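Engineer: Each chain, written out:
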Amino acid sequence: MAWYLVRRFLQLIPVFLGATLLIYFLVFSLPGDATAAICGEKGCTPAVEASIRAQYNLDEPFWVQYFLYLKGLLTFDLGTNFAGRPIAEIIANVFPTTAKLAVMALVFEAVAGVVVGLFAGLKKGKLFDSTVLVVSLVVIAVPIFVLGFLMQFLIGVKLEWTNPTVSGDATFTELILPALVLGLVSFAYVLRLTRTAVIENASADYVRTATAKGLSRRRVIGVHVMRNSMIPVATFLGADLGALMGGAIVTEGIFNVNGVGNTLYRAVLNGEAPVVVSIVTVLILIFCLANLLVDLLYAWLDPRIRYA
Amino acid sequence: MPEIENPTPSPRRAKTSAYPVEHFVADVSETPVAATDSKISDDAPTSLWREAWRNLRKQPLFIISAILIIAVIFVALFPGLFTNEAPNDNCMLSNSDGGPAPGHLLGFTQQGCDILARVVYGTQSSLTVGLFATIGVVIVGGLIGAVSGYFGGWVDAILARLGDIFFALPLILGAIVIVQVPFFRENRNVWTLVLILMTFGWPQIARITRAAVIEVRNADFVTAARSLGVSPFGALVRHVIPNALAPVIVIATISLGIFIVAESTLSYLGIGLPPDVMSWGNDIFAAKSSLRTNPMALFWPGLALSLTVLSFIMLGDALQDALDPKARKR
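Chains as they are written, first to last, in the numbering used here: chain A, 1 to 308; chain B, 1 to 330.
Extracted from the complex, chain A is given alone in its bound form:
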């Protein structure tokens, strides 16, 4: 088990390095002047430009630049944004809000998705099942920003149940609506995955055996069906954390949440490449770790998976 963990962790490293290299390569080494975004249309004097180039190591060869960047990453020194503020500080400032939002969305989609999917799967072909299937397709199809604006308009503006936008404190109640919007699409995926898995497992041999042994229906479904149906769902949720981070850009924009997504978006609009690269790197790191966590979850969910 420990060996398996170490191996999985080691496998993460090339993926992480590759992804950061890819981003770094895309942003910093393709043709185009990186100082243009700072200097604006008026342009800088050669001396200023030279100092900017020195600050971001732009005169070094690409590999040296990349290794300097990695070195900074390992020592939590991500450089500064164009206004001179340390990027690490910016991220540390906005990260808790987005983490709260993402966890709320994840909990919502996991709990609601599994419960609805379970009932739909157990009642396959009934009215509830078909309704859920159609509704989930609609939810998947409606883009998150259309959904977000409609919910904001209906619940925030027309019905006035919550504030349409989130204040700087980002309290739990304020974040409920953004988290629902953020998690809604994944909720539809989770429920469809759960439903399929439940239908498949409900007719499996071990479930028939469990029923034949005289176990209560509650125990058969709760332990035998559910536990085995959770495996694809866990995989999805791990991969979904990345999608949630991406979705946060849109959701945080709509509800004016001061989080990672909003910061990233502003950096994109201002052309602050160092900030964009740093934030995306952190997001990739989280994504990789979440997938590692899912691998661990397998061990608990399915003892048949051997960790040789």
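Take the hints with a grain of salt, since some may be wrong.
To be verified - Derived contacts from chain A toward chain B, CB cut-off under 7 angstroms, selection only:
(1) 12
(2) 24
(3) 26
(4) 27
(5) 47
(6) 50
(7) 112
(8) 137
(9) 146
(10) 273
(11) 280
(12) 284
It should be emphasised that the hints constitute simulated quantities derived from the structure, not laboratory data.
Every value quoted in this text rests on a predicted model; they were computed, and no experiment measured them.
Glycine included, C-beta positions come from ideal geometry on N, C-alpha and C.
Once you have looked at the hints, place chain B on chain A.
Structural biologist: Frame of chain A; chain B shown alone:
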């Protein structure tokens, strides 16, 4: 032991039937012996595709989505048939955020343009991006996945890691990074957007194709072709890929919808198509500032977008049912 004397199911079994307990042994009376050991030989062999088509024709989901998709394609090809209004010619600021008026069924945008005309003319760019991104992803991802699954070994290891790297970047995040590149920042159009979506969209198709190819690779007919002297690549193209196509088609159909969403999301963020290109994403971006006074300017392009995406996702769903006989029989 089958209960021959009592062919009706016992009451207890009937009570628990909501929870599927399969009949282990069919009652003898239900299955005539003739049915089990005679085969109707003049029945033409049905291919997977023919069987799938027969199944599809009966599915309401397929019929609805097919009609919708044909309608959308028609609107994209001949926008002039659906509105008399040129989308940008008669924009009057005096009409700004106006409600429906004679000749202007859906009202006006903030700029005083006819919403219906803009929605109709915006179809083309969204559909073009989705269609060509999907074609590109199927070609690139399909080839990489097929090679990776068919040849295995170190080729597979390298390509799989490469896929993992791109997979670690979610589509929208990757696209946001890539528009930082000066080349893409300065050349924003339908084709660069297709390229961006392709760059981050191929690993999924590659994974699906790889799995499907591995399943087919060891089939008897491939071994037969190989032992008859067909080259590895020839066997891959002629025998393996056509038989591994079904799951790829399903995912590609759904991807088309996802790419349309991605395009509009990027346009909505202001980093997709440039503002002078008419697209639903751009219209939603323009409408969000006046959401509280004129929500309909956001609603209509949003509805068109959602319906289009929905029809492709429904089509993918129907295809999955039809092309996966294992799932259907359950």
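Engineer: Each of the hints needs a verdict: does it hold here or not?
Structural biologist: For each hint, the structure was consulted:
{"no.": "1", "hint": "12", "verdict": "violated (9 angstroms)"}
{"no.": "2", "hint": "24", "verdict": "violated (10 angstroms)"}
{"no.": "3", "hint": "26", "verdict": "holds (6 angstroms)"}
{"no.": "4", "hint": "27", "verdict": "holds (5 angstroms)"}
{"no.": "5", "hint": "47", "verdict": "violated (23 angstroms)"}
{"no.": "6", "hint": "50", "verdict": "violated (20 angstroms)"}
{"no.": "7", "hint": "112", "verdict": "violated (20 angstroms)"}
{"no.": "8", "hint": "137", "verdict": "holds (6 angstroms)"}
{"no.": "9", "hint": "146", "verdict": "holds (4 angstroms)"}
{"no.": "10", "hint": "273", "verdict": "holds (5 angstroms)"}
{"no.": "11", "hint": "280", "verdict": "holds (6 angstroms)"}
{"no.": "12", "hint": "284", "verdict": "holds (5 angstroms)"}
The structure is inconsistent with the numbered hints 1, 2, 5, 6, 7, although it conforms to all the rest.
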